[in-house]
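Enquirer: Given next are the chains, with one letter for each unit.
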Amino acid sequence: MNNPIKKINQTCADYRHMNAKGRRTFWIDGILNNMLYIIMAVFVIYTASVRPAFLTLGSFANLITQVAAYLPMALGIGGCIVLTGTDLSAGRVAGLTAAVSAVLLQEADFANKMFNNFPKVTGWWILLSMLIVVIIGAFVGFVNGFFVAKFSLHPFIVTLSTQLITYGTILWFFGLNGNNGQPISGLSKQYKEVVGGELFRLGNVAVPRYVLYAVIIVALMWFIWNKTSFGKNMFALGSNMDAARVSGVNVFWTTIMVHTLAGLMYGYAGFVEGVRSGSVAASTGLNAECDAIAACVIGGVSFVGGTGSIGGIILGVFVLRIIFVALTMLGVDSSSLYIIKGAIILCACALDMRKYLVKK
Amino acid sequence: MANDVLLKMEGISKSFPGVKALDNVSLEVKGGTVHALMGENGAGKSTLMKCLFGIYAKDSGHIYLEGQEVDFKSSKEALDNGVAMVHQELNQALKRNVMDNIWLGRYPKIAGIAVNETKMKKDTEAIFKQLEINVDVHRIMSTMPVSQRQMVEIAKAVSYNSKVIVFDEPTSSLTEEEVEHLFKIINMLRDKGVGIIYISHKMAEIKRISDEITIMRDGQWVATEPADNLEMNDIIRLMVGRELTNQFPPKTNKPGKVSLKVENLSGQYNQLKDVSFEAREGEVLGIAGLDCSGRTETLESIFGVRTRKSGTITLDGKRCLNRSAGESIKNGFALLTEERRSTGIFGVLSVKENTVISSLDRHKHFGVYLSEKSQREDTQHYIDAMHTKTPSIETKIRSLSGGNQQKVIIGRWLLTDPEVLLLDEPTRGIDVGAKYEIYQLILELANNGKTVLMVSSEMPELLGVCDRIIVMSGGRVAGEVDAKNTTQEEIMALAAKYV
Numbered sequence: 008m009n010n011p012i013k014k015i016n017q018t019c020a021d022y023r024h025m026n027a028k029g030r031r032t033f034w035i036d037g038i039l040n041n042m043l044y045i046i047m048a049v050f051v052i053y054t055a056s057v058r059p060a061f062l063t064l065g066s067f068a069n070l071i072t073q074v075a076a077y078l079p080m081a082l083g084i085g086g087c088i089v090l091t092g093t094d095l096s097a098g099r100v101a102g103l104t105a106a107v108s109a110v111l112l113q114e115a116d117f118a119n120k121m122f123n124n125f126p127k128v129t130g131w132w133i134l135l136s137m138l139i140v141v142i143i144g145a146f147v148g149f150v151n152g153f154f155v156a157k158f159s160l161h162p163f164i165v166t167l168s169t170q171l172i173t174y175g176t177i178l179w180f181f182g183l184n185g186n187n188g189q190p191i192s193g194l195s196k197q198y199k200e201v202v203g204g205e206l207f208r209l210g211n212v213a214v215p216r217y218v219l220y221a222v223i224i225v226a227l228m229w230f231i232w233n234k235t236s237f238g239k240n241m242f243a244l245g246s247n248m249d250a251a252r253v254s255g256v257n258v259f260w261t262t263i264m265v266h267t268l269a270g271l272m273y274g275y276a277g278f279v280e281g282v283r284s285g286s287v288a289a290s291t292g293l294n295a296e297c298d299a300i301a302a303c304v305i306g307g308v309s310f311v312g313g314t315g316s317i318g319g320i321i322l323g324v325f326v327l328r329i330i331f332v333a334l335t336m337l338g339v340d341s342s343s344l345y346i347i348k349g350a351i352i353l354c355a356c357a358l359d360m361r362k363y364l365v366k367k
Numbered sequence: 008m009a010n011d012v013l014l015k016m017e018g019i020s021k022s023f024p025g026v027k028a029l030d031n032v033s034l035e036v037k038g039g040t041v042h043a044l045m046g047e048n049g050a051g052k053s054t055l056m057k058c059l060f061g062i063y064a065k066d067s068g069h070i071y072l073e074g075q076e077v078d079f080k081s082s083k084e085a086l087d088n089g090v091a092m093v094h095q096e097l098n099q100a101l102k103r104n105v106m107d108n109i110w111l112g113r114y115p116k117i118a119g120i121a122v123n124e125t126k127m128k129k130d131t132e133a134i135f136k137q138l139e140i141n142v143d144v145h146r147i148m149s150t151m152p153v154s155q156r157q158m159v160e161i162a163k164a165v166s167y168n169s170k171v172i173v174f175d176e177p178t179s180s181l182t183e184e185e186v187e188h189l190f191k192i193i194n195m196l197r198d199k200g201v202g203i204i205y206i207s208h209k210m211a212e213i214k215r216i217s218d219e220i221t222i223m224r225d226g227q228w229v230a231t232e233p234a235d236n237l238e239m240n241d242i243i244r245l246m247v248g249r250e251l252t253n254q255f256p257p258k259t260n261k262p263g264k265v266s267l268k269v270e271n272l273s274g275q276y277n278q279l280k281d282v283s284f285e286a287r288e289g290e291v292l293g294i295a296g297l298d299c300s301g302r303t304e305t306l307e308s309i310f311g312v313r314t315r316k317s318g319t320i321t322l323d324g325k326r327c328l329n330r331s332a333g334e335s336i337k338n339g340f341a342l343l344t345e346e347r348r349s350t351g352i353f354g355v356l357s358v359k360e361n362t363v364i365s366s367l368d369r370h371k372h373f374g375v376y377l378s379e380k381s382q383r384e385d386t387q388h389y390i391d392a393m394h395t396k397t398p399s400i401e402t403k404i405r406s407l408s409g410g411n412q413q414k415v416i417i418g419r420w421l422l423t424d425p426e427v428l429l430l431d432e433p434t435r436g437i438d439v440g441a442k443y444e445i446y447q448l449i450l451e452l453a454n455n456g457k458t459v460l461m462v463s464s465e466m467p468e469l470l471g472v473c474d475r476i477i478v479m480s481g482g483r484v485a486g487e488v489d490a491k492n493t494t495q496e497e498i499m500a501l502a503a504k505y506v
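Residue numbers (our numbering), protein chains in the order written: chain A, 8 to 367; chain B, 8 to 506.
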């Protein structure tokens with residue numbers, strides 16, 4: 008059955024044996040199960056016909072750049088959703104780590120430098136800074152996971168709390184050393200170069216280095232999800248917690264590690280976001296988790312638990328980005344953008360749930 | 008007895024896929040009498056009641072209430088027509104107070120909008136006074152002991168002015184004093200002309216309270232007799248009386264030296280008390296008992312998924328702490344759980360994932376990387392070895408039949424290379440053919456020197472497969488019998504020892 012050609016042949020053979028009603032169900036199911044891709048195709052075709060620039064290499068470069076920026080957070084949240092949970096703290100954690108990265112890696116001679124006693128920005132210092140922010144993210148994730156696992160709290164409520172706590176920390180951080188809540192700018196050239204430096208050009212648009220980093224992260228996460236006992240345990244836990252416990256899965260540590268890994272991803276996302284935004288404000292990262300959760304759901308990581316794949320999440324991020332790029336090119340204003348975003352998430356969830364309902 | 012027939016169930020049949028749960032069963036309950044309904048677990052008592060209340064749609068047969076044919080579609084409809092049930096498992100809104108629970112779904116209203124609390128309180132208190140129940144109507148259900156909650160449930164049934172009330176194992180959580188109170192209430196209801204169906208395993212109670220007894224076995228009606236005509240032994244004989252046919256593979260295993268020793272096992276959060284026994288290499292040790300007698304708790308306590316208050320477990324002379332499932336697996340234990348759906352399978356995962364989950368270490372390369380090839384090999388090996396019918400190893404397990412799911416889970420445990428297999432109802436919900444294969448597998452395991460502990464509600468199965476049988480009752484070991492020289496009657500009598 009793994010051979011796709013065989014599979015198509017089999018489907019065709021099945022189809023020939025169906026009666027009229029069976030065939031109708033076949034088509035309706037087929038359309039509904041692939042609705043999001045159909046919508047995406049409609050968007051692409053329509054946008055391309057109205058704005059030919061949409062189908063250029065430059066536009067594609069722009070697209071993969073955006074995908075690379077949004078992907079790590081979605082990969083992190085994906086694990087939480089596999090456990091039938093969620094993570095509302097993601098955006099704020101990324102905001103915090105973006106601010107910390109920015110402060111650690113400010114230009115030495117910048118007039119408004121927050122801390123003057125940091126060493127000169129070198130390669131090692133950048134690496135160390137990244138390590139620091141990733142650890143900050145992982146720490147928040149660990150706290151999330153600990154409260155979820157130890158006290159059987161729903162992740163919704165735990166991460167809502169840590170979201171608020173993190174935001175409070177961000178506001179406090181922005182008030183340090185007389186900064187008075189000003190956005191942090193004047194990032195060092197080296198930092199910008201390491202993260203956002205040109206990798207190659209596509210149709211006169213530079214593709215930044217973090218696209219390469221995103222590829223590495225995807226490979227790493229794919230390995231963790233599919234090839235380690237931790238990954239297997241995560242899916243088992245999401246599918247049936249009681250059965251997982253009886254089967255010898257360490258439920259406590261698996262839950263904590265899934266959240267910690269997610270936090271690690273947010274920490275990295277913040278590190279990239281610092282460069283992308285150029286000047287980090289207290290509002291950086293606001294609501295970023297919404298996009299990440301939406302991407303996961305669109306990509307088939309179900310809130311039912313125990314299902315989802317890295318490939319699906321990548322696809323989900325792509326679909327969401329393509330639709331946004333298309334809408335932006337069409338000149339749709341931001342109010343409509345939010346309405347369409349909400350409608351897509353609702354639609355995706357309803358269609359996803361449809362697959363799991365037992366027909367009675 | 009000159010009382011008229013109040014409820015008449017005639018020729019009720021009900022089939023589930025692969026099982027005939029009820030086969031032409033009839034029941035007549037006269038007004039002003041207590042009619043006991045008896046049978047082993049799975050004899051069809053609750054299925055019959057569920058057909059009465061419309062929880063299951065009956066396949067054929069008729070139900071008459073006071074001569075009128077009725078066909079209730081829901082328990083609400085049954086209640087409205089004066090047929091009520093006091094359930095064994097209480098379904099109550101625990102966070103709400105007593106009177107909210109009694110009038111749930113039919114609150115008296117003022118002007119059709121606001122709930123009339125005053126009337127609710129007055130009516131509730133009137134019923135409590137009539138039944139001599141002493142409970143504050145404002146008390147929150149979850150703060151009350153189970154016995155009082157049971158009383159509230161009975162009051163609720165009475166509040167419907169029911170003509171027929173079904174009591175399903177009402178005394179399982181009551182103290183002796185409370186049982187007396189319950190019997191007083193039942194007698195009071197009987198004197199008022201209410202027809203009462205009383206389901207219970209407790210012989211002594213049945214003899215005391217009931218006027219007539221109907222006995223069921225394997226979904227069939229066996230006998231209906233006035234209670235005075237039946238002695239306890241007659242009842243047991245009628246309940247279990249079936250011939251053993253050749254439905255078991257020949258027993259070839261030879262028990263060897265003692266391997267597993269369990270001493271003074273007591274539960275922290277359950278009724279398990281001082282359970283001690285020994286099991287041998289190559290032996291199939293059965294654990295019999297009624298539901299809630301502590302059979303499942305014993306296995307789960309040994310495996311470390313239930314908290315122990317005390318007790319030691321020794322395997323081959325080595326003390327095993329078994330504090331969690333992971334530790335127990337390392338110590339050579341495996342547990343096949345009773346509820347396959349809720350604690351056995353990972354429904355949305357594939358047959359492969361379901362097979363390898365407990366033995367991932369086997370597939371590790373370099374300490375982290377899990378080899379796909381060896382996972383597939385292991386899965387395929389057990390699909391072949393156990394003749395599991397599955398389209399592919401990537402098929403989601405929930406689309407397989409119960410028997411095939413069970414085989415996959417047994418394969419999961421065999422991959423952990425256990426010394427002791429704890430099997431809790433290994434053949435529940437499985438068709439006859441697959442049962443035979445599972446019996447074969449159990450005996451083969453014993454032949455290979457494994458120790459097998461097997462809990463089952465089906466007594467013929469225990470007699471046919473096991474070497475010795477421990478009978479549990481009320482959380483304790485009531486006795487031990489040799490499977491070759493015992494009878495179902497002896498086991499039933501032991502099972503009722505501490506209830």
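Note that these hints are calculated values from the structure, not bench results.
This one's a predicted model, so the numbers in the text were calculated from it and none came from an experiment.
In this text, a Cβ means the ideal position worked out from N, Cα and C, and glycines have one as well.
Any given hint might turn out to be false.
Unchecked claim - What follows is a set of in silico ranges between Cβ atoms, one per label pair, in the way DEER data are often shown: (1) A:21 x B:325: 51 to 59 Å; (2) B:402 x A:360: 20 to 28 Å; (3) B:494 x A:358: 43 to 51 Å; (4) B:145 x A:153: 49 to 57 Å.
What the hints assert, rightly or not - Restricting the straight-line Cα-Cα distance to at most 27 Å, the calculated cross-link-like pairs of lysine-lysine (DSS-like) are: (5) B:403 x A:13; (6) A:362 x A:28; (7) B:380 x A:13.
Enquirer: Run every hint past the structure and note whether it holds.
Expert: Evaluation of the provided hints:
Residue 21 of chain A and residue 325 of chain B have their C-beta atoms about 56 Å apart, which keeps the hinted 51 to 59 Å range intact. A hinted range of 20 to 28 Å holds for the C-beta pair residue 402 of chain B and residue 360 of chain A, which are about 22 Å apart. The hint said 43 to 51 Å for the Cβ distance between residue 494 of chain B and residue 358 of chain A, and at roughly 59 Å that hint is violated. The supplied range of 49 to 57 Å is broken by residue 145 of chain B and residue 153 of chain A, whose beta-carbon atoms lie about 39 Å from each other.
Our distance criterion of 27 Å between C-alpha atoms is met by residue 403 of chain B and residue 13 of chain A, whose separation comes to about 20 Å. This hinted pair checks out: residue 362 of chain A and residue 28 of chain A have alpha carbons roughly 19 Å apart, not beyond 27 Å. For the proposed pair residue 380 of chain B and residue 13 of chain A, the alpha carbon gap of about 22 Å is at most 27 Å, so the pair holds.
Going down the numbered hints, you'll see the structure goes against 3 and 4, while the others check out.
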